[in-house]
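*Asks:* Spelled out, the chains give:
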Amino acid sequence: MGQVTFKIWRGEGDEGHFEEYQTEVSEGMVVLDAIHAIQSDDASDLAVRWNCKAGKCGSCSAEINGMPKLMCMTRLSSLDLDNPIIIEPMKAFPLMKDLVTDVSWNYEAKKSIKPFKPCKPDAPDGTWRMQQEDVERAQEFRKCIECYLCQNVCHVLRDHHDHAEYIGPAFLVKTAAFEMHPLDEENRTLDLKDEQGIGYCNITKCCTKVCPEHITITDNAIIPLKERVVDEFYDPLKKLFRIFKPK
Amino acid sequence: MTERFKTHEYDVLIIGAGGAGLRAAIEASSTGASVGVVCKSLLGKAHTVMAEGGMAASMGNVDDRDNWKVHFADTMRGGQYLNNCEMAEIHAREAGERVLELEAWGALFDRTKEGKILQRNFGGHKYPRLAHVGDRTGLEMIRTLQDHGIHQGIDFHMEVTVTNLLKDGDRVVAAFGYEREKGRFMLYKAKAIVIATGGIGRAFKVTSNSWEYTGDGHALAYDAGADLIDMEFVQFHPTGMVWPPSVRGILVTEGVRGEGGILTNSEGKRFMFEDVPPLYVSSTADNEEEGWKYVTGDKEANRPPELLTRDHVARKIVKEVKAGRGSPHGGAFLNIAWIKEHIKDSETHIKKKLPSMYHQFMELAEVDITKDPMEVGPTTHYVMGGIRVNAESQMSTVKGLFACGECAAGLHGANRLGGNSLSDLLVFGKRAGEFASKFASECEYGNIGTNEVNALVTESLLPVDRTEGENPYKIQEDLQETMQDLAGISRCDEELKTAIVRIGEYAVRSTTAYAPGNREYNPGWHTALDLHNLLVVSEALCYSAMQRTESRGGHFRSDFPEKTEEGSTYNTVVRRKNDGSMEVERVPVIPQSDEMRAIIEEYK
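In order, the protein sequences belong to chains Z and W.
Take the first sequence: its letters are residues 353 to 599, numbered as in the working numbering.
Take the second sequence: its letters are residues 43 to 646, numbered as in the working numbering.
Bound-form chain Z, shown alone:
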């Protein structure tokens, strides 16, 4: 397949520039292979996160020709190799170095979600019985590999930097995973409304489009959660009940 040019973001913090590298590519290569070849031959200090190289750990998120993707799952044959391939770090998080961003905020945001709280075991042997179809509903959300590509494209985080008010699509998916768990009996709707800013999502569905696990983030996770918030806090009948409820 010959020599291909890569323009890779190099720098630390606010300082940085594109650096050009040429590397020999062959059939079946993915972007991460090219990055490794460049690292091994020309730029041993090129910072990049990766682990499984099979789309299962969600470490190697980046923007490839402007599209948020996992580098390990992006085949070079899917890109225009006649022009330089542009590789940049995710934009919604502070840059550490080169392609590595500081994603620690995500770990904090996740911690704000109330943990799983199971109901009492319902079977005589002290365990639970669940039906496959009930399990499958929550399983979709549990496929999340925490690559944060959805966070990266969410305009609330990327453009408005409202990280303090909104936990982002990834953690609405996480919340949905708990909320729709057949055994869970925690209530997270007040947190969703007040602390986690679910109202910030205006359903542009950018998150769903970039999810490498094809989780239907907006339709299956966020909208049902929004409905729960509406039912609980904005239902006019319920509101009346609340007003007249004896204190």
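Read the hints as simulated data drawn from the structure, not as lab findings.
Being a predicted model, the structure only gives us computed values, none of them experimental.
Be aware that a few hints might be false.
Claimed, not checked - Once the Cα atoms are required to be at most 25 angstroms apart in a straight line, the calculated PhoX-like pairs of lysine-lysine come out as:
no. : chain 1 : residue 1 : chain 2 : residue 2
1   : Z       : K472      : W       : K158
2   : W       : K516      : Z       : K359
3   : W       : K158      : Z       : K469
4   : Z       : K472      : W       : K646
5   : W       : K393      : Z       : K561
6   : Z       : K443      : W       : K393
7   : W       : K155      : Z       : K561
With the hints as your guide, set chain W onto chain Z.
*Replies:* Same frame as chain Z, but now just chain W:
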């Protein structure tokens, strides 16, 4: 002298945050100990996420004939009786409880019709035994532990690599390392340390392991004077991807075969029906129909030969390739699409049962596994050998140092059964956390000299302080070539000797490794620092492999192709002598009690 490092103190320090490390941390924390976890990557990215098939536990939800005794006997047979039988017993007895505990923490397993946890067939397991979630069980496990663990008051230090353990007298009292972001140095003082660093796959060229698996825990323990055991036993998983070249080695779950996938050669022949090992003849199907009955749940049927143990299947594939009957890119064909002969809507069925395999082949190889066969071949997957531990407590031969998960050894003997790893992580992770915490409660922090630590800082900085030298990536690549060629799936005395000579040369070259750039997130520097660990485990592997002059489980000697009577009587131990050289010794296998022997006999 001023300190060039930052210090933290914990009752229990855990190195590694895969399934074993997280389970250990949760347990230690639950006893009231202060717990720190150090991990080389971000939390939740460890190789546990790659585990696909499931975790083995004899809950008997699908076949009520199953119980811990059968699981124990299967594990021992799979390990060719070199297992630490006490560990195998503890594991088989406790695995079910650990799986249910995971469910109580939020794991959502696939279900049986009655609503119980569904269990699937896997190689070497007599009954369907693997609790699973499609083919992403490892992700479910690590996420459950992670999401539970972050609310237990545990301190997580992400993207930190431990490079040295420090001792006070004969006890391990601290770990030293660096954090990736700024290259700052860290000292973790601890009353007890648990190593849970996983495997050594990066010593080989073709591997399913990521960059992290450089045998760090093995080398840390070895350098601290602990025994390593069974290091000759490496599992080459029979089904890794072979094409295209850039994905070579990526795992294809055994679940494909568990769901009915068959192996064929270029002549279209199901070659696994030949050469069934004597230990398994009576329990293996001798025709295609019976094999299919087995995977569809017929309790009377014997398993298809594709579900024989991994060591055997891997060698059979190599044999076909060597005989010129391989697939176009040097593997065998793994075919799940053929089940359309038996199942009406096989396409949907396959996508549902093996979603991430479908995804992986579609995106990385442009193969639709519901229609076409996959090309597969052996890939370095798992090391059975590792840190020698006490079965009950998981303490190594060095005081205060514990190990669990892949870096510990004993449970799997000469060959690990699929599904026994995830359960191993939970069972012995819990025990390591429990006993490390107990140990910590009975002692004080040790003494460490600032000068000693500052010296480690200076030493660690050598690759970035040099102004010239060799590219560490090249040294790593050369080592991987050597191990792949000379110490891989087939070994002989002469080649192992050559490998040891070369490892010595790489060790010399590693002292000149040069990492241009500064200390901030510099992968060249990290690669240079990992070299020592890779060299230690490679050398230990070669010496152990030379010592075992027979073939058994994951260890195959072309100059000694048969199993010997004597070979079943000893384990190989490697340790560091005072002069820094490596000592190899045979130690007697842990004797089986009469009760154990009776169980093994009963379920033969």
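*Asks:* Is K158/W within 25 angstroms of K469/Z, Cα to Cα?
*Replies:* holds (19 angstroms)
*Asks:* Check whether the Cα positions of K472/Z and K158/W lie no farther apart than 25 angstroms.
*Replies:* holds (16 angstroms)
*Asks:* Just to be careful, I want the Cα atoms of K472/Z and K646/W compared with a cutoff of 25 angstroms; is the pair within it?
*Replies:* violated (40 angstroms)
*Asks:* Is K443/Z close enough to K393/W, meaning Cα to Cα at most 25 angstroms?
*Replies:* violated (34 angstroms)
*Asks:* Can the restraint linking K393/W and K561/Z be considered satisfied, given a maximum Cα separation of 25 angstroms?
*Replies:* Roughly 21 angstroms between the alpha carbons, so the hint for K393/W and K561/Z holds.
*Asks:* Hint check: K516/W vs K359/Z, CA-CA at most 25 angstroms. Holds or violated?
*Replies:* holds (24 angstroms)
*Asks:* Does the structure keep K155/W and K561/Z at a Cα separation of 25 angstroms or less?
*Replies:* violated (34 angstroms)
Going through the hint list in order, the structure does not satisfy hints 4, 6, 7.
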